[in-house]
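> Since the structure of chain A is already known, use the hints to place chain B on it.
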Amino acid sequence: MLTEVSPLLFVALFIPFAMTLGRNAKMLNHTMRNLVSSLIEYESVTTTMAKAKIAQGIIEDLIVKTKKSTLAKNELKSKLYGELYNQEKTVPKLMNEISERYKERNGGFTRILKLEPRIGDNAPQALLELVDNGIREMRFWYIAKTVARLELQGQPLDNLTQKNVKDLLLYRKNGEEEFRKTVEICKNEFFQDDEDLKNLPRMKNDTNGFHRAFHNYEVVPRE
Amino acid sequence: MSFVIRSMGALSFGPSLLPRVTLPTLSIPLPWFLQPQKQAEVSEKSKKLSEWAKAHELSNNEIPFFHDNGILLAAPKKKTSHMKRRLRLYAPGSKQVKLNNNLNRCPACGHYKRSHFLCMNCVSQIQKHWKARDAKLQPEPFREEFGNPLDEEVLYPGKTERPYERKLRSKEYLVKRPKTLPVE
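Protein sequence lines correspond, in order, to chains A and B.
Using the UniProt record's numbering, you'd call the opening residue of the first sequence number 1 and step up by one each time.
Using the UniProt record's numbering, you'd call the opening residue of the second sequence number 1 and step up by one each time.
Isolated chain A (complex conformation) (with noise of 0.2 Å):
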């Protein structure tokens, strides 16, 4: 319950000793509920992979504590007011439209997912995302993008595809049909070269990966 540890409480008490970004225990608290009350507005967040990791289990945390509190309505929001900023968009938002999407889900409500290092000063990106949220989704825009790729190659799908579409829409609401439209959007918006639809995959299996032995170069032997 949230009267008993507040998740940004157990950050402070635990987690500066195995991680603190150059921060102490203050400036860790604000960073992560900035972060936390962004993502809760903006539905993903694109920040290095330490801050996202830290920032998941705070969400995770939050989200199953508003699910199950037995506190009342006010009481909650109040609680909730000291949890996060931004609080006129984001407490509503948490206590409604959150709690109510993530009501048959027992844990698992984000996703980070690797992106290329930063610009300037190589860090390490990812971007972390609330599942099953119809705004920005990146991974559900992803894999609809392949999926327009693949039939406007005229290719059947392949394994891999089809089982991530199946996980995909596994506890969405009206999963297919919005899956369907944004596949759509992907074949106008993204194709409009030529020569993207050229390139047929022709990969050995279904992984999109290399053979092992694969390599793009030549050994020349020393004279």
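Just so you know, the hints here were simulated from the structure itself, not pulled from any lab data.
All figures in this text were calculated on a predicted structure; none of them were measured in a lab.
Just so you know, nobody snuck in bad clues.
Listed next, the in silico SDA-like pairs over lysine to any residue satisfying Cα-Cα at most 20 Å (straight line):
(1) K53(A) with L113(A)
(2) K136(B) with R136(A)
(3) K179(B) with R118(A)
(4) K131(B) with N188(A)
(5) K198(A) with Q125(B)
(6) K198(A) with N104(B)
(7) K89(A) with Q138(B)
(8) K114(A) with H116(B)
(9) K98(B) with P221(A)
Here are a few chain B residues that sit away from chain A, every Cβ distance over 12 Å (derived from the structure):
(10) K48
(11) K54
(12) E57
(13) S59
(14) K79
(15) F146
(16) P149
For every residue, glycine included, the Cβ atom is placed at its ideal position computed from N, Cα and C.
Below, chain B alone, put in the same frame as chain A:
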């Protein structure tokens, strides 16, 4: 230009006999007609250069005139030492450029990407689409209406945009991530 005359009296005894003293100097500026004529030298040099250039043009040589004629090219002053060269070539492995073997084919665009990572080209494409989509959903900003267009000009005199400001706004100085090659 000026000549410098040193009083040699103390030196004639030999430096070993006397303690070291800074020698007094005396400079006399010369009138202009006595100074050596430097301009004439320069003009002679440029004349010669232009003659060579003309001769070079007539000879139909493919290599340009200013290539390796010892005047304009920069060159290293010193030979790279044994230590420096070996440090560069055989430094610890962490400093060397490494081969990326963890490459996959991006299923959404068919170009190379690192395994377990998203393809940044596709990600940026999707994020751009989101941005444009959300901008449409936003309510239009409030605009004042004027009966007389002169009123607007008087109330809000516009700001002229300087060329350097326009240049800053175009954001050409930002480094862009290049697109990876397509998988053969």
